[in-house]
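Work out the full structure: start from the sequences and follow the hints.
For the protein sequence lines, the chains are A and B, in the order given.
So in my numbering, the last one in the first sequence is 939, and the numbering has no gaps at all.
So in my numbering, the last one in the second sequence is 398, and the numbering has no gaps at all.
Hints may be right or wrong, so weigh each one.
Examples of chain A residues lying across from chain B (beta carbon under 7 angstroms, computed) [unchecked claim]:
| id | residue |
| --- | --- |
| 1 | H311 |
| 2 | R317 |
| 3 | P318 |
| 4 | T323 |
| 5 | R327 |
| 6 | A400 |
| 7 | L539 |
| 8 | P640 |
The calculated lysine-lysine pairs, modelled on DSBU-like cross-linking and capped at a C-alpha distance of 35 angstroms, are [stated by the list, open to error]:
| id | chain 1 | residue 1 | chain 2 | residue 2 |
| --- | --- | --- | --- | --- |
| 9 | B | K346 | B | K193 |
| 10 | A | K613 | A | K324 |
| 11 | B | K81 | B | K193 |
| 12 | B | K81 | A | K324 |
| 13 | B | K81 | B | K251 |
| 14 | A | K613 | A | K557 |
| 15 | B | K251 | B | K346 |
| 16 | A | K516 | B | K193 |
| 17 | A | K324 | B | K346 |
In case anyone wonders, no lab produced these hints; they're calculated from the structure.
Glycine is no exception: its CB is placed at the ideal position from the N, C-alpha and C atoms.
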Amino acid sequence: MLRNRFLQRSFLWLLIAVMGMSLRPSNAQAQAQAPSQLAEYIRATLVQIQLHAVDRTTAQNQLADVQRAYQGLAATLARYAPAADAAIQSGFDDAEQALAASDLPRFAAARTQIWTALLNGSYMVVTGALQAGDALTAQQWLPVREFRHANRFDRPNADATKAVRAAVIGDAAPEVALAAVQADLLDTYQARLHEALNVLAIADQQGFAVRRAEIAALAAGYFTILAPAYAEQRGAAATTATQAIFAELRLAALRGAPIQSLLAQAHAALSGFRAAPLSPAEQVRRSGQMLRFLQLVPIEYERGVRNGQVTVDLEIREAITFHAGALAAFTDLRDLLDQRDPTLTATIANHFTKLGAALTNASNRIAVTDPAAIHALTETLLADLRRLLPPEWQKQDSGADFDVIRSALDQMEQAVRAGEYALAESARLEAYAIMEIGPEAKLIAFAPQYKPIIEGYFWYGQNDHKGLAYLIERRAPPAEIAATRAALDQALAEAEQALAGSNAPLAITTNAAVIVFREGLEAVLILASLMGSLKTATQRRFRRPLWIGAGLALLATVVTWLLAQGALMAMARFGEKLEAIVSLIAIAVLLLITNWFFHDVYWKDWMASFHQRKKQILGGQAGQWLGLITLGFASIYREGFETVLFLQALTLEGSVTIVLLGVGIGLALTLLIGLAVFAMQAKLPHKKMLIVTGILIGAVLLQMVGHTVNVLQVIGWLPIHPIRWLEFPYWAGFWLGLYATWEGIGLQAAAAIFVIGSYYLAEYMQQRDWQRYARAS
Amino acid sequence: MTRLFRLSILVAWMALFLSACGPTATPTPTTIPTADLNGIKDYLLGQTSALVAAATQLQAATNRYYQLAETTAFDYTALWQSRQNDVIDAITAAREAWITASPTYEKMEGIVAGTPALAQFDIDLDAGAAGDEDPENAVSFDLVLADGRTLPKPGNLFGVTESALWGTEPAFAAPVEADWNGNGTLEFGETLPDAHVLKASADLLTQMAGKLDEAARAWTPTETDAFTALVVMVPTMSEYFASWRDSRFVSGESSTQRDFNVISRLADIQDILGGLEIVYAQVRPRVETIDTAQADQIATGLRNLKAFVADIYAQERNGRRFTPEEADTLGAEAQNRATAITGQISQMAGALGVPLAE
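Pasting the structure below:
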């Protein structure tokens, strides 16, 4: 009985388990339902049939299987793309007849027709579903597609996939995904069409009958996908004519008739056609890439050639890479440029070819062109391009800058792999210089949180991945450098995304205003509080050296501006180091002035014993004047250099007027702050004024020390020991100079001790003198 | 004082407005999560150790041959006349070692060539061209021979050793007609290598195999390495099929290709794909986190591509001689499959946010 119950229960559990398993869709079933898997099954089986067509019965059975499999896709295709469905059905009929007649070329053409109609149908489903707001269907069908043939240097991008995924989870609008899908797929199929025509010519030359029929049908199929875009750009009549060319080509290839003339007609019909036209943003980006890459060509070339000999191969290869980047961008824009000025476009194309040939000849040691000639040729190209490109394309584009930065970083990695660390450092500096004169100015205003992260990765960062400068200096293995590079890429990608759309005039004005306000604030606080505190007639003369110093700094800033116009790239490589040096001078002077201020202004005035010390003060007056001039100069010029670079970068993106408007607003705000401080100093009672001045200067000194230590750490002049348990928000570093490193906090504390100690020392000396004075009297 | 107060308030608001232009939160540097990729390294180390062993055998056999040549002061006619059996034994042993070493390398080529940190080994060992043929893709070394000659950038080491051992490059062969089987006809492989070239190339190959082993031990695979290896190596099918089409296996006696005449390139492709399957198996769990169907399709695609090549190889082994047109069609199909797989892998890498190395 017990045994029976056990058996019954076991049977029941088994039954439940079996039912459960049968109700759960098996992996195979689930997979069979995926459109891409079905499509691949159809494609691959048709190829197998062609390869083993000798066994007719098996082939016919397999074809029947494929037709049955197609039923899994037919309903959706018939709904979104009835023409594609019809082409597939007719392709199956043709394939059947070809098998029956053992006509291999005809079968090859039919199977290619089926496949390209499937691709077309999938494209229609994806775009149709996105238009209907059904991102899920689009996601399911998107993998039924082809990709550009990849090689070691060029891989398919994932733009469409990412956009559709984003649409599915609601992170992107379906229209955005639609644009990405159209751009990606149309571009892919156009590339495959061109490739097919080239392969067709080769197959024809070799007399490969089956391949010829197959590829001609493939080309015709690809054109069917592109036809709506073609019609949109060239009109219905031109589309009908081109379709007729491809139909004839298909037929001629199938019959073994000559196809050269039809091939030439097909190429002519496609000349100048771009199925996925570049969006205005892409046009600006390509234009930016072209100009930036071209500017780098002579720089790299010059570094690689000495006395008519190639001395550094890698530099020449970098020049070739940058030339190739510029040429690729030019090729993408060529059709549009042709419409503006075909003669000038042709001239530019010739110059590109000439430049490319000179670089290749140098690389192959055939002939080494003088760097001056390469420079002149590039300048001619750039001048022609500036005449040809629409003004709106010539605005700096941070997207293009990021592309060029990545390319320079590629060169860096390549150099590291070749063990050429000096060249790797040069390429790193190149990439950093582009960052500095390009996106960094915008980062300050719109995504300042990325600035220290990116700088850290470029220089001496100590996070999970050490900075590139640090790693290159220590000749770190390529894998370690690649890891930091990957992290830097990630940060750059996020920063790029954060900066998207930040080149509107209002944004640029705000950007310039923020930069000027931020960089000018410290200087104004120092100068205004010092000048405000120098109230008495005797003290007012000390305002003069401050004004002179400030005036000299403004003059130096103007000179920097003028110099930077010609050599922005070269100067950007040294921005951080110059800032560090001037900051150190500013801090040193400020410490001296603080010390002097407490001793000579606070307490001497109180003691009213100025006349007794007159001789001593007069003796040190020259030093005080020089100190005050230096303070006035260093306070303003400390960040003046970098500010100029940033503002120059912004003028490339917007107009000078827009930038100057921002500069005006920034200056007005800093002046307001200055006036407020000055007025407050003037209104306050003497004792309070002294306290406020002391606190203000002390605070600015601490900020300056913190910020300077950070800059010194960025460029590797000071070690970094992070305080792990302490975390400051980003703004604390940006506005107050607070960074959680032992060096930063330690030196700020030392500066604070110096200032406070100076105050108490002065007080102690005053009391001592007062007591002596009291005892004497 | 009131005016001063108002002014201060206004300035404070302005400052607040400007400071608000940027976000205040500090983003932490993005760390890229990684899958457990130890399997890739284990597999690679298994192959590098095997390669070191096979290369050492090759070196030992070539040393034997070199010592034999030394006995006749490198007079190969005298050598062939006096030590024929010893010479054949030494060369046969060297060939056997080469036939073991070459596929061993192919099994890891997908990882070595596709990983930027190791890729130079692939160029020098198996993929690099001779400097006079293709300077852009040439090997990095010059071959210094014991007799004082230097062969500048002679081509990859497996290629040099193969062409020296089987005589497909006249410059690496000894100036003697060696009719191994004495049938009066010089057939494929009936040759004596230039002992200096063979020794120098085998020595360097052994040395480089050791360095590759060291580099592989020091290497820590990342997801970027794994995905990059896949997208770099999977789409190279057309190159392999082209060298198969141009080799003796398809073109027969009319082949002028120096390398890949001993082991069919079809076998190499399978070995390479086998290695790449291992790589994909390691990252597949990560792909499955975002798209199970796609993860499965990539695996199926790789498996089917390998089976497709295996089927052709089996036919070839069974004596079928493919025509150049058939080889072209098969190569195009393999390339189509490879392109589709590469595209799918790229999409998944993109969706996962795994950057691909250049």
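Results for each hint:
1. H311: holds (5 angstroms)
2. R317: holds (5 angstroms)
3. P318: holds (5 angstroms)
4. T323: Hint holds; T323 (chain A) Cβ to chain B Cβ min 4 angstroms, cut 7 angstroms.
5. R327: holds (6 angstroms)
6. A400: For A400 (chain A), the interface hint is violated, since the closest Cβ of chain B sits about 30 angstroms away, which is over 7 angstroms.
7. L539: violated (23 angstroms)
8. P640: holds (5 angstroms)
9. B:K346 - B:K193: Distance ~33 angstroms between K346 (chain B) and K193 (chain B) Cα, so the pair holds.
10. A:K613 - A:K324: Given pair K613 (chain A), K324 (chain A) holds - Cα atoms ~26 angstroms apart, limit 35 angstroms.
11. B:K81 - B:K193: OK: K81 (chain B) and K193 (chain B) at ~30 angstroms, within 35 angstroms.
12. B:K81 - A:K324: Status holds; Cα separation ~30 angstroms.
13. B:K81 - B:K251: holds (16 angstroms)
14. A:K613 - A:K557: Cα-Cα ~23 angstroms, so holds.
15. B:K251 - B:K346: Within the cut-off at roughly 30 angstroms; holds.
16. A:K516 - B:K193: Within the cut-off at roughly 29 angstroms; holds.
17. A:K324 - B:K346: Measuring from Cα to Cα gives roughly 29 angstroms; hence the hint holds.
The structure shown violates the earlier hints numbered 6, 7.
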